Structures are given as structure tokens and as C-alpha cells.
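K.L.:
Here are the chains, one letter per residue:
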Amino acid sequence: MTGAGLFVVVVLVAALADLIAPTAPATMQFRFRFTPPSPAFWLGTDNFGRDLLSRVVYGARLSLEIGFSVVVLTGIAGTVVGAAAGYFRRLDAWLIGAMDALMAFPTVLLAIGITAALGPSAMNAVLALTLVYTPRTARIVRASVLVIRELDYVQAALAAGARPGRILARHILPNSLGPLIVQLTFIFAYAVLAEAILSFLGMGPQPPTPTWGNIIAEGRTYIREAPWISLFPGIAIALTVLGLNLLGDGLRDALDPRMKVQPG
Amino acid sequence: MAAYVLRRLVGSIPVLFGVTLVSFFIMQIVPGDPASIIAGLGATPQEVERVREELGLNRPMLVQLLNWYGGMIRGDLGDSVLLGRSVTRAIVERLPVTLSLSGYALAITLVVGLLSGVFAALRPNTWLDQALMTVALVGVSLPSFWLGLMLIVVFAVQLDWLPSGGYVAPSVSVVGWLRSATLPAISLALLQVGLLARITRATMLEVLGQDYIRTARTKGLPAWSVVAKHAFTNVLVPVVTVVGIIFSLLLSGSVVIETVYSLPGVGRLLAAAVLRRDYPVIQGGLLMLAGALLFLNLLVDVLYAYLDPRVRYGTGQ
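In order, the protein sequence lines correspond to chains E and V. Take the first sequence: its letter number 69 is residue 69 in the numbering used here, and every next letter is one higher. One gets the numbering used here by counting positions in the second sequence from 1 and adding 264 to each.
If we strip away everything but chain V, and leave its shape as in the complex, we get (with noise of 0.2 angstroms):
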């Protein structure tokens, strides 16, 4: 097991390297020049110096390089145009809203998606799975942010039930956290709903065929017990190889959903340094995003070695 951690945490160490100089990339492709860009329409040329200064603009590529990562190796990613402060505090400032909205939303998804995906395969082809299909299937064609709003309406505007937008941290009111959190939570989770939904019952299919199925269900186990001990166990195994793809989406996700819902996480402040054209913080945040992402994913790969042998000799597949 020690060594295929090893293996891993090595084997990401390129990867590492590569998003980091994507995110490195993402100044040097703008066209024109940046520092007027970022300085503004309306900025002296005084000012555009200044910017360029600032962010060594006028120094040769590769010296940008080494200084990009001299920063990060120090934790320093640069600071905020905008903001006026380093790239990771703000960013760093603003996690737990993301967190506390990706959380919620992943607690729904793996209880609904993966409910609605072992209740449709045990009724397989029934209007039960049908009518859960469809919805999954929905859920994976829906905007995540149109739906968003669509929530506000009926939810906020028409019923008056929850709030259409702000945040209150769970350490201030646990109540208030859930009201302000439900929305956008639903909003964010719908499209990994489905997307669990649809990928537990097709494994819970695939798992009920087998033949230690048949052997525990003539042996006279209760059906429940086949199902929850027998069969779900090994349908997690797959499953969790798709958990890195709904973080992925999750953190996508919360770039619009934020947005929608004037929540003040890291997706808004991404949304917002896009529209203002803040570099550093888009650069800092994708970095981090994607480092996080990386190292989640290498949990799980992790985790899926633990639970399934084959995958940490080498053998399976």
C-alpha cells in the first residue's frame, strides 16, 4: 500500500508542474498588452507603468517564470490588483463559504444520487426507474445557474421561504446558514445528482448479475440484507472513482452559483476577476483550485486502492 502511495504522490509531481505552468500561461496569452488591459480604459500611461512594474510585466518571460514560482515555493501568488492584497489571503479568506456550499452540496448528491440510482436498479425497467432516470437525466441537461435563478423565483419571490441571496456562516447561526445555503446547495448538486444517479445504477445492474448475488439471495439472506451488505458495498468501489469528477464540478459549479446568490466564496471573487480582468487572482485561483483538485483526486485514487486490491498490484484492468 506504501508503495503505491509513493507511486502516486510521485506520479502527480509532472502533472503539478504542468498546471502550474498553465496557470503561468493564462498572462502570457493576452493579447495586446496586459498591464493597460488591467490598468483600464481610462488609465495614464504613469498608471500603466506602474501596473507593469507591479507585476514584472516588463521583465523578460523567464524571469516571470522563476518569480512565479519563487513566489509559490514562499506561498505568494502575487496581490490582487482590485483588492489591493495577496492572492491567498483573499482566496484563503473566502474558502469556508465554498467549502461549507461544496459540502452541503455533496452530502445531497451522494444521498440522492446514490439512492435514486440503487432504487432504479433494483426496479429495473419500471416506471420507478423511469421516472428516476428522467429526472437524472434532466438534472445532467439543466444550466446549473438557470436553475439557480428559477429557485429564487418560486422560492424566494413567490413563496417568500428563503432568502434570495446572502450568506450567513453556520459559527454565526446554524438555522441561517441552512436557509441561505439550501438554494444555492440544490442548485450546485442537481447535475451531480443525475450524474451518480445514472452511473450507481448502471454498476448496481451490473453488480446484482453476478453470481455471489444469486448465491447469497438462494442461501435465504433477506433481500435487504443482499442489497445493502452484498451489493452496495462493490457498487461504491466504481463510484468512487467518479467522486474526483463531482468535486471537479463542484468547484466549476460554484464560479456561477456564487454569483447567483451574492454568496461571498471563492467562485464569486473568481466571477468577479474575470469580469475586471484581476490576472493575478485568476491565475492564483485556478492554481489553487487545480492543486486542490489534484490532491483530492490523489485521495481517491488512494481510497480506491484500499478498497479494491487489484488496483494497488497492479493487476486489475
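So that you can see chain E by itself, here it is in the shape it has in the complex (with noise of 0.2 angstroms):
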């Protein structure tokens, strides 16, 4: 339950930004630019006096609003593909076959040649991230579904003249949830890093909207002389990450101790 903590604080310190902020996230303060981490500026400022305690603060808000983005868009598409898949034999080669094709392409890299073909934007890293994720809980849906519709109560349910959308809506999708929230839980973890990623690469949201990738991207310029900057988006990323990991772990052992450590 560390990692339900973690990332309750996080969430609260997103949610509560405007309180915790002692500025707004691009107020500059050019006296006060370079000024390394001390009571006045607790994570100190960057190169336009900027405070970094603001920009991480807001940084948190929209990391966490895309990363909640893709997961609840990929919850519902991986939902209706994996489920279409599951039950109707006919596509199932069909939906299979685009999944796999998606699913050769390393995630990252397909999720950068997106953004670069739709342009940068908070937007569409979440289209080009959530089209990343969906192909493998589409794969973890039409699992559970393989199974399930072969049960006899799903039978008996077909054999009392149930509909197809019936069917899968109140008999089999409820009884795979339990995969789909413990996946959705790491594609949470794995897309707060992506989009570290997209946003440190340019393809992220643009400055002088904080992102903590492009918070690190703008100190790596500065690396040698001020490396707070970068320092402390990270610390964020990898806290945010970390609780999400561990409340993945933690949701899986309770859910099914047997289920193997599913990396994306």
C-alpha cells in the first residue's frame, strides 16, 4: 500500500498546485535566475529565474492529466477490441492481425512517429500513446473473454436467448476486470515515462507549458552549472512511477497471485 500513498501524494500535490505554488509556473524573476535550491526557492529557479517548485507542481497536474488521458481512452478501446475479438470469431483474425502489427513496433518509438506525423501537442500525446497501449490490453481482454464465454453460466445465458452485446456487457466483461485494472495500472506507470520521453524529444506539450520532460530538457542545457533543474522533474517522474508500479504489484497479488510480471 506504499504505492497507493505515493501516488495519492502525488495526485494531491497536482490537484492542490495552486496552493503549493508560490508562483505561477512562468512568473520569471531575472534577479533570481540560477539560484541553486534554499529556503526562499526550496527546488531553486532556472535559467529565467523561473521557481522550479512551481513548474514541477504544475508539471504534476498535466503529466498526471495525460497519463489518466491514455489510460481511461485505452481502458475503452482495449475494451471494445479485445471483447470484439473475444466473442466474435469472424474478426477475431482481423483485430489480432492490426494489434500485432501495432504491437511490432517498439512503444515509444511508434508513439514519437505519431506525434511527429500529428504535430506536438498535450493532445496527441495521448492519441499517439493510447493507440501505443491499446493493442496489449485489447490482447489482455480478449484473453479473459476466450475464456469466460466458454463457461456454462455464458452458455446458459445463450441458451435463455441473451443478445451478443448482453452477453458481454453484463455476463463476461465484468469478470475480466480484474486484468484490465492491473494493466491499466502499468500503462498509467508506462505512460507518465512515454510522455517524459515525447515532451523531453519536442513532442510533448510545448514551452512554456511545464511538462517534467521538457523541464529536464530545458535544464540539460544548463547541466554543468545548474543541475537542479533537471534533477528534480526526475525525482517527480520516477516517485509518480515508482507508486504507480507498486500499487500495480500490489493490485495483482491481490487479484491473482499468479499472474507474471507483464512488462510493455
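Just so you know, these hints were derived from the structure itself, not from any lab. Hints may be right or wrong, so weigh each one.
[To be verified] Computed footprint of chain V on chain E; a stretch qualifies when at least three of its residues, placed anywhere within it, have a C-beta under 8 angstroms from a C-beta of chain V:
1) 84-90
2) 169-176
[Claimed, not checked] Computed far set for chain E versus chain V, every beta-carbon distance over 10 angstroms:
3) L16
4) G119
5) Q155
6) A238
Every value quoted in this text rests on a predicted model; they were computed, and no experiment measured them. Yeah, the Cβ is synthetic: ideal placement off N, Cα and C, and Gly gets one too.
Put the two chains together into one complex; each comes in its own frame, and the hints tell you how they fit.
P.N.:
Right under this line is the structure:
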């Protein structure tokens, strides 16, 4: 439950950004450029004299919003595709073929390619990451559906004349939620990491909007003189992802101890 | 065995076809006019028109698709807009850097990941196990590019032990290569080390609980022999299946790590292409890397079938 606690703290920080941040994330105080961490600026300031605590805290908001959007959209798309593939035999080969083709690409590379085409923005990062993580989610839903649809109670519902939509929604999907929730928790973690990579490469939300990835990228230029600029957003990413990974591990053990580590 | 290899080969054809389609559609989903985006903001209408003509963007999509396949058969993935040379050449030239770095990172991953997983499983729930698994969990949670920057701060800026970037080919100087590639390889490997350590530990624990291990122990075999011969060889079987994922993560990671350390590899080529909207390089790069990955996964599957006969006869799981 350390994981849940850690994650709740990050969520709270993001939610209460307005209260925690001493200044607006874009406020420049040129007199205080490159101030190391100090009582006045807890996490120091950057090359424009912007307060890093404020930037990291507001960055949390965007990173979590992007991660959460990816989780919701992936959950929906993965469930629809996975359920269709698992339930309707005729669709299976086509859908799985398409999923396999997408999964053949290294995840982050495909996301980079898609954002390069669509253009850099938070919205496009969400779209790209959703497309990249949906196949993995669909596969997991499909696997559950394939097993559950053969169970006697589903056959009974079929015999009673229930339609496919109802059988899926009422009888099959609720019972395949466990693995899906575990998977989505890990996807949240991957999405936060992947978004940081996109932002770092300049393919995420554009400066001056702070994201953890683009703060690290800006700090890279001054890594010799002011390493703290890149240091703190990285710690923020690590804590968030660590919390989510721990939470995912805990949920997995609670829901099904036999499930193996399934990396993205 | 031959039948299994053939079946897998045939099975990967539709996936390869899908991969080529996905790479093709990267350019098609560009909103607005890709030609004017590639040509840049200050381009004259004539320049935009020239780009459009060169990339064949003025033709119907089906013709573009056929040209894409026609080129692919000849090994021609188009020309880089910025480098003014063929995409395949640009990638092949940079491949040795990426391969040597990935190979180094893979070696670190296998040695450190397997060893820490095995040691953790041999002393489950002790401080050693917990320490190793904590490190592994932190490893899968750290952003690799950030770790790369922090290693530069410590080992290049503060301690001045290793260079902060640049690349020396091993053919020029092995020591120079080791110096230039060590920090990048560590940054690139940490995620996979954590992953492999966690999987190895879980598998090892499962294997150690099996009857044949107890038999080996009760008949008085030395402890190291039980672990090294009876247990470890069986741990390798499921571990082989994650090798594909490890390759995939190495390729993804190389984009950021090569950027952080200014290494002239395929990853940095792609990162630069993305920023400058050099779509042919992005398409070609994605296609070649996914193709390579598909081939590697095929090799892994064949190796898996060789190690575990149940797979090749289709009776397992």
C-alpha cells in the first residue's frame, strides 16, 4: 500500500498545485536566475528565474492528466477491441492481426512517430500513447473473454436467448475486469514515462507550459552549472512511476497471485 | 522443428505487411499539407511544390502506396529531406553505433539482471532479497534519459572520470569506446535490468519449489550444482521470452540515450528527424527497426521452441 500512498500524494500535489506553488509556473524573476535550492526557492530557479517548485508542481498536473487520459481511452478502446476479438470469431483474426502489427513496433518509437506526424501537443501525445497501448490491453481483455465465454453460465445465458451485447456487458466483461485494472495501472506508469520522453524530445506540450519532460530538456543545456533544474522533475517522475508500479504489483498480487510480471 | 520454423515464418508475413502499412500511414495522418510542413515556414510556393513532387505527395494515395512497396522491394525507402541522401544508407551508416551500444547494454542487462534475480530468489524475504528487489523496482521506475543526465553530472562533471558525450568506435580504440559507451550503456540498461531481475526471481522461486529440485537436494548434490545445473537452466526458458521485450526497450531507449550523450546512432537520427519533420527518415527508421525486431522475435521463438519441445508440438499451455 506504499504504492497507493505515494501515488495519492502525487495526485494531491497536482490537485492542490495552486496552493502549493509559490508563484505561477511562468513567472520570471530575472534577478534570481540559477538560484540553487534554498529556503526562498526550495527547488531552486531556472535560466529565466522561474521557480522550479512551481514548475514541477504544475508539471505534475499535466503529466497526470495525460497519463489518466491515456488510461481511460486505452481502457475503453482495449475493451471494445478485445471483447470484439474474443467474442466474435470472424473478427478475431483481423483485429489480432492489426494489434500484432502495432505491437511489432517498440512502443515509444511508434508514439514518437505518430506525434511527429500529428504535431507536438498534449492532445496528440494522448492519442499516440493510446494507440500504442491499446493493443496490449485488447490482448488481455481478449484472453479473459475467450476463457469466460466457454463457461457454463455464459452458455446458459446464450441458451436463454440473451443477445451478444448483453452477454458481453453483463456476463463476460465484469468478470474480466481484474486483469484489466492491473494492466491499466501499469499503463498509467508507462504513459507517464513515455510522455516524459516525448516532452524531452520536444514532441509533447510545448514550453513555456511545464511538463516534467520539457523541464528536464530545458535543464539539459545548463546541466553543468545548474543540475538541479533537471534533477527535481526527474525525481517527480520516478516517484510517480514507482508509486504506480507498486500499486500495480499490489493489485496483481491481490487479484491473482499467479499472474507474471507483464512489461510493456 | 523445421515445420515449426516454417509455421512461424509464414505467420509473421501478415504482421510484416501490417508493419509496412503502419509506417506508410505515418505520413498520411499528417494534418494539413505535409509538403509545406517539411519545406518549413519560410519556404516559397515553388519550394513547397518541389518537396511535394520529390515525395510524390501530389499523386493519389494508392499510387503512393504502390511506390512505397515498389521502393521497398528494391531496398529503397526514399530520401531524407534534410540529409539529401537515401534513408537506408543514413540508417545503415549509423547502425554500428546503436548496435554496439545496445549490445553493451544487453550484456549488462543479462549479467546483472540474471544474477540479482537468482541471488534474490536463493534468499527470499531476507534483506538481500529486499535490497535487490527495491533496486530493481527503482530501476523500472526511473526515466532513462534523466538517469543519463544525472550520471553525466556525477561521473563527467563532478568526478571527471568519463566523457559526457561523443563516440569512439571500438575499431579506433577499445578503451576509448569503453569510456564513451559505459555511461550510455548503464543508462540504457537499468530499466531492463530491473525487469529481468524481477522476472528471474519469480521464475527461480517457482522452479526451486519443484519436486525435481528437492530430489536433487536430497540425493546430496552440492547446493551450487543444484542451483546452476538443475534450477538455472530451467529459469532460462521463460526468461528467453522476455528477450524480445528487452530488444524492443533497447531500441526505444536508444533514441533518448543517444540524444543525451550525443552519440551518432540511429536513435539520434530519428530524434533529429522527428524535430525537423523529416518524414521519410521517420517512416524508414520505424519500418527498419520494427522489421529487425520482428526478425529477432522470430529467432527468440525458435530458440524457445528448441529449449522447450512442448512449444514446437503445440501441446504446451
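K.L.:
Run every hint past the structure and note whether it holds.
P.N.:
Each hint, compared with the structure:
With 0 residues having a Cβ less than 8 angstroms from any Cβ of chain V, the segment 84-90 of chain E misses the three-residue criterion, and the hint is violated. Remark: the segment 169-176 of chain E is not confirmed as covered by chain V, as 0 of its residues place a Cβ nearer than 8 angstroms to a Cβ of that chain, below the required three. Distance check for L16 of chain E against chain V: the nearest CB is about 23 angstroms away, which clears 10 angstroms, and the non-interface claim stands. The Cβ of G119 of chain E does not lie farther than 10 angstroms from every Cβ of chain V; its closest approach is about 7 angstroms, which violates its non-interface assignment.
Once the 10 angstroms rule is applied to beta carbons, Q155 of chain E is consistent with being away from chain V; the minimum gap is 24 angstroms. Remark: the non-interface label on A238 of chain E conflicts with the geometry, its nearest Cβ contact in chain V lying 5 angstroms away (cut-off 10 angstroms).
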